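**Q** One letter stands for each residue in the lines below.
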Amino acid sequence: RAAEPIVIGVATSLGSLEGGESLKAVQMAVDEINAAGGVKVGGGTRPFKVESIDLRDSDPGVPVPEALLGLEKIILEKKPTALLVGPFRSEALTAGMDIIAKYKVPLLGTIAMSPASEAKIKADPQKYKYVFRTCLNAVHLVQFLSGTMAAINKQFGFNKVYIMTQDVAWARGTADLVKKLYFDKSGWEVLGMESYPTGASDFSSALMKARAQGVQVIMPVFDMPQSGTLVKQWNTMKVPAIMAGFISPLAGSEAWKIFDGTIGGVLNTTFELGSAMGASKLPASIDFMNKYQRKYGKEIQAGHGPAPSYESVYILKEAIERTGSLDPDAIVAGLEKTDRRGAMGRIRYDGVHQAVYGFDPAEMSVSLVSQWTDSGKRVVVFPDSLAENTIQLPAGLKSLK
Amino acid sequence: MKKRRERIDRGIKARSEDVYALSSWREMLYLAGPRLLPAAAFLLLPLFLGVYWQKVMISVAVFALLAISWNMLAQTGMISLGQALFFGMGAYVSGILNFYLGIPPWLTIPAATVLGGTLCTLILMPVLRLRGIYFSMVTLIIPLMLVRIIEATKIFGGTEGLSGMTPLPSGLTEVYLVTGVFLGVLFGLRRLMETDYGLVLKGIRDNDRSVTNAGIDIFWFKTQALFIASTIGAFAGAFMTHVYMFVGMPVFALDYSILPIAAAVVGGSGTLAGAALGAVMLVPLSEALRGIGGLRIVMYGLFLVVFIVAIPEGLFDYIQRKYHQMERWVEIDQ
Amino acid sequence: MLDVNNLMVFFENALALNDFSMQVREGEIIGVIGSNSAGKTTLMNALSGLIIDMRIKEKRKGGERITLYGSIVYEGLDITEFPPSARVKKGIVLSRERHPVFPESSVAENLKIAGYLRKRSEVREVMEYVYTLFPALVELRRKKAGFLSGGEQQMLAIGMALVVRPRLLLLDEPLLGLSPMMQKALVNAIVSLNKESGITVVLSEQFARPVLPIIDRGYVLENGMLTLSGTGAELMDNPEIKAAYFGI
Amino acid sequence: MFAGTLIFALINSFILILLAIGFNLTFGISGVANFAYGALYIMSAYMSWTLLNLLHLPFWASAAISIVFTMIAGAVMYRFVLLRVRGQALSEVIATFGIGLSILELFRYMGLVGFEYTLPVFWNESFMIAGVYVDIQRIAVVVIGLMLVVGLWLFTHFTSTGLAFRGIAQDERTALTFGIDSDRMATLSVSFGAGLAAIAATIIIPLGSIAPNEGYDVLIKALAICIIGGLGSTGGVIVAGFIIGFAERFTDTYIGSHWTMIVSLAAILLVLAIKPSGLFGHQKELEERI
Amino acid sequence: MSLPTTLQVENICKIFGRVAAVDHLSCEVRRGELLGIIGPNGSGKTTLVNLISGYVKPTSGRILYNGQDITRIAPHKIVCMGISRTFQMVRPFYQLPAYKNMIIPLYSPRIRQLAGGKYGDRNAVALDLLEEVGFERDAHVAYKPAGTLPQGYLKRLELAKAIALSPDLLILDELFSGLSLAEVASIVPVIEKLRLAGKTIIMIEHRLKELFRIADRIMVLNYGQKIAEGASAEVMESEEVKKAYLGSEE
Ligand SMILES: Nc1ncnc2c1ncn2[C@@H]1O[C@H](COP(=O)(O)OP(=O)(O)OP(=O)(O)O)[C@@H](O)[C@H]1O
Ligand SMILES: Nc1ncnc2c1ncn2[C@@H]1O[C@H](COP(=O)(O)OP(=O)(O)OP(=O)(O)O)[C@@H](O)[C@H]1O
Ligand SMILES: [Mg+2]
Ligand SMILES: [Mg+2]
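One line per chain: the protein sequences are Z, F, E, U and Y, in this order. Numbering follows the numbering used here, with no gaps: position 385 of the first sequence is 385. Numbers given in the numbering used here equal positions in the second sequence, counted from 1, plus 1000. Numbers given in the numbering used here equal positions in the third sequence, counted from 1, plus 2000. Numbers given in the numbering used here equal positions in the fourth sequence, counted from 1, plus 3000. Numbers given in the numbering used here equal positions in the fifth sequence, counted from 1, plus 4000.
Calculated from the structure, these hints are not laboratory results. Treat each hint with caution, since some may be false.
[Stated by the list, open to error] With a Cα cut of at most 16 Å, we get these calculated EDC-like pairs of lysine to aspartate or glutamate:
(1) K2144/E <-> D3171/U
(2) K2143/E <-> E3125/U
(3) K4144/Y <-> E2012/E
(4) K238/Z <-> E3172/U
(5) K2057/E <-> E3172/U
[Stated by the list, open to error] Calculated from the model, a selection of chain Y residues having no Cβ within reach of chain F, i.e. all distances over 12 Å:
(6) E4010
(7) D4216
(8) L4246
[Stated by the list, open to error] Cβ-to-Cβ under 7 Å is the rule here; a few derived chain U residues that face chain E:
(9) N3053
(10) V3142
(11) A3164
(12) G3167
(13) D3171
(14) L3176
(15) F3178
(16) G3179
Computed from a predicted model, the values in this text were never measured in an experiment. Idealized CB from N, CA, C, for every residue including glycine.
Excised from the complex, chain Z in its bound form:
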């Protein structure tokens, strides 16, 4: 008689690239674990089983209660031991935290990255302790962007930047912090800061303004598909600046083809090592990507989500095995003790249940910044611990050094 499976609920926007690939990554980890015998709990072993529900919240038109009803449905009907991936949109996560707290189901979030959820945990740790985040958060992203900007400044002497963000909390928050913590302190001139509503598709005004003011670096922070249009416009309007930041459609290997090879020189962030891109200096990340490609016949394209989602399954398994119980409070206690080395580096949670990110994969989880070469390859240029090359100046730009 087969042991009763432990249910993992994946509740997210399955229609989005991030959500869809995250679900596949979860499934992959579950298959691996089950093939290896399952989870040791209460003296026996039990397999994992994945149940998923589409919250549709990546679609800006979907009201939050609609997404929350989905969240409640999976909690009430499938009785999952833990939830993985979690809402896409920040406000769905922050609002969903109250439901999580009400039903006491641990959540290992891997997409929404707003600082608001951390603030909430901080304000009432006892109530919201069930919420963990394995993916990158805004604060950590700031480190990586600042580091990249510092490198650009050091190499080429550039110090005029134009910031363009999506008008969502995490992106705006990131940009504000980079400005406050880095640009303002290091003598950069911030020419302008524009935030665009999700769905915006014309960026000509900002590009024109940037160009007129002699921009050298454009820092975009976007996670909507339409942000690809920004790249196209940057191209056709021939803005003489290096583009360095985060634009979701540029993350995957297929971007080269999509943009007809016009993105040479662009620097883009991969939020978690292994999502969309690995680093040769951390073989685990490459392994993960290869396994994924073997299993699904397609490379990971989302720069955010899949790797932490994959890792989260193992984190959950370890937490359960650590305490030997499926009780939510016990699992939380187990999760808090997490210390795992995986595709994204070393994973540990801080006081507000956020995985700690840093530059050294031996110590922390890592993000990476890569540059598109003119031959359509992505080369890791940051952090130094993983870098394969230095930043190259795109054709047509002149270094000030």
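With the hints as your guide, set chains F, E, U and Y with the ligands onto chain Z.
**A** Below, chains F, E, U and Y with the ligands without anything else, positioned relative to chain Z:
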């Protein structure tokens, strides 16, 4: 001899002369059945349903309220494409009262109902003179605009919204509060629309010039109708804020505008009960479809089309007609 | 030319036209006379096919059921179930009662829309004729039809029917709202259209005084039933008709 | 800066005009509600994309095929759905909206959301005009937009079909009495509108990508432009397109990008407050005339 | 000429676009009088009525009702002051049954004021009024939706609605057109009765014979201007009227 199908009203007597109507149990049942049965179902069902389906019932009642409020406006000749405005206004007012001032739900909900309704009425009053689709367009635009204003000015939590509102005491309180209000509003408004006052409102839809020509200020009457409708919508919003403990930009989402209209059209856009019936059908349908995953909305859209094409007059009207009429073949003599 | 046999029209259970028969010969002017709710408009709608369209629309709405019995034969062809557009192609054109025009289009455009089936040159020709018939319309050419006065709209509505170059022209209360001078002009025009262009005309009126002298034959309707028929002269001599419709 | 903004405002206006023109033909001019318009726009783009990338047809061929196919889809939709609820405006709206919803969500379900779904530009080249680089595709938008608007105006004012479209919108029963087969005309008008949507998609999509969400946006934009122009007026579409197009770009440059929507929506409200039946419309006065 | 003036129109002008629909027109109506207005199509008769009832605001000039300037007053207020009118192109409530059509005027502030709070059963009053204008009581016509009624009934319904407001000044715009002689004959007594009750009435007509029988005074408009005024016989003699309105013979 040619034959022709004839339609005859069942029990005209029972419906027109109320004193004699209640002379037999049969007639009483005939009259009260269609009213009491659904009401009883609504009141008893929560006791048998699981927690999740109770939530669905809440959704049903909320959308039914929005649909009724839409229908009430439509009966007054104002086709609103922006029920989200009412809903969102109520939601934000109660959210703000609770979040910033810590006022408990049993005060914020009534306060937001009245205040939200008043605000919506004030916002829409200047455009009451617009007609038809032009009015609809404005109602469609205002909620979209409020979203952007909140986004741009970052007031009331900006894109993140406010969360952590005080919940209502228990699941059953939630269900009974909202279904109670729903049934009350449904039967109350039905009664209202049957009075001479309601007749004036209907007259405005039919021919507002003639209403003016009867010495009645249509602007004032439209304002009243608007207030009633927006109050109902605002209640729904205020209530939902406390159920989901959250309020944010998405309360102005298009769903809250379109779904009530879809409900009204499927159920029968001529009657309040039809609108409610539509919500009772569509919301659980949409929930039941969750089971099929990603294709859910696709199927939902198709069902919508099928309903409308199969019964263009609306489900409620169709049922009502069948209930009150019988058909028989008669010969015509030439 | 047109044979109406035992036509019956029910609106749900109400009988609007009862066992009505009528013959129209080519080149005649026929008057259908009857007071309020006699069924004139219903007859006109049945002849022009609008009732077929109404039946479909009511059915879609789940409203009242319209039932039609009997037959309408036009030049040997049974057209009872023909849709309006097919009948217009055969030359049956109706000018509906209460001056229906396209309110948002200008007068000239109204006439052009009416000329949908005709060649542009033909339309232009007839438009000129309409303008000479109703000189008041010339000045109003560019005005939106919805802004015209009642009588002006009536002129336009008749003009629009003429643009189609009908063979059988159905006029439902054409004199409604026209000033005495225009009434005379229109009556004369009907006669001349009939004589010169050979258009057969069926017109309905409740106020029969201006039209009785010009009709070849007349049918008197009462509550959907045919009560009397005869030549124009016969009707004029009938004392009852005189009292009820001619008003001496 | 100002000149650049002016140029992009002009382009933006023509994008809006192109988006609205098909909707205007079906809804504004013929009075047939086709709220699946945005979905047809997106559908035609996916169709082109599929033909281009999976069957490897040349761009022009795939565009042409998808335009024709979209026209057929429009006609089929009329015959099997709209026809049955014709005359009940709200049912028409909700039924077509339901179709649009199904189409768009089907695409989302199929995972057609990434930026890889886009169409190629005609010619990848930019020109320097008044100090900014403008690409040929954007210039094509202006030129083709202008041509289509003029064409549409001529069509609805001088061809009998175009005039018949105007007729069925205003008084269907009267139109019937002139031999205008209202169902045939309405089918044509939905079909033509769908075709115009497909043409717009062919020209505009290369500037961005094919996203299901865009379908809803297109619908709302088209509706807004059609309404503030005044139902039935082709000239109104141009002026409305310009008002919103300019408002958007100038706000973007001189006030801030997240005020663009607010300002353009406010512009719509303002227009309707001053002209209750849109810029060129007369509905209100006509309805109130006694 | 001892009767007081009810309505005084002073030099009023209404210009649509470039055309003056009513052109510097002055006239007055005395209490209890029945004034007939005739004139060619498009001569501004309906526009004059619209001006009086407040639906159209004049370009210049003013209108006094019982000495009060009503030029800029909203139409519904004018109705409540006692001026009610019918529409030339009938405007019933198509979806309501005929008798329910009557409830709306009966609900107006004016009637509530006159009734002083107790107005009994509006339905009964509505049916009485309909019967008065010729709706047979038992024929179920009054219970049918107005949209299905033929023109003749709608005209009478229009009249009933206007009377329901118990106006002091009643303006009837082409009431008789579309009615047969017998029907006109059945309505004339209704009008006579109103006159006996001291109401002032303005009638616009193209049906001259019927009009002349009841009118005290006739005014003829052409191109928005008054071209003749006086007793019917007198007016019909005028060459100008013959030329503009009646056509050649008769
Ligand atoms: N759509 C309809 N639904 C129900 N009954 C109708 C409809 N149309 C007409 N009738 C009925 O049919 C009868 C004849 O109406 P019709 O309109 O033909 O009269 P008419 O002779 O044209 O009258 P009028 O001169 O007043 O216009 C009337 O009793 C009317 O109530
Ligand atoms: N709202 C309006 N806009 C533009 N023109 C108008 C408007 N109302 C009336 N007119 C014009 O003013 C003139 C007078 O119209 P009015 O309706 O007063 O005529 P009438 O004397 O009542 O004619 P009829 O006997 O045909 O009813 C007409 O030429 C008409 O076209
Ligand atoms: Mg008639
Ligand atoms: Mg008139």
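**Q** If a hint holds in the structure, say so; if it does not, say that too.
**A** Here is how each hint holds up against the structure:
1. K2144/E <-> D3171/U: holds (14 Å)
2. K2143/E <-> E3125/U: violated (49 Å)
3. K4144/Y <-> E2012/E: holds (12 Å)
4. K238/Z <-> E3172/U: violated (54 Å)
5. K2057/E <-> E3172/U: With Cα atoms ~11 Å apart, K2057/E and E3172/U stay inside 16 Å; holds.
6. E4010: Its Cβ never comes within 12 Å of chain F, the nearest being 24 Å, so this holds.
7. D4216: Label holds. Min Cβ-Cβ 25 Å, cutoff 12 Å.
8. L4246: holds (32 Å)
9. N3053: Because about 43 Å separates N3053/U from the closest Cβ in chain E, which is outside the 7 Å limit, the hint is violated.
10. V3142: violated (30 Å)
11. A3164: holds (5 Å)
12. G3167: holds (4 Å)
13. D3171: This hint holds: D3171/U lies near chain E, its Cβ roughly 6 Å from the closest one there, short of 7 Å.
14. L3176: Hint on L3176/U: holds, closest Cβ of chain E at ~4 Å, below 7 Å.
15. F3178: holds (5 Å)
16. G3179: holds (3 Å)
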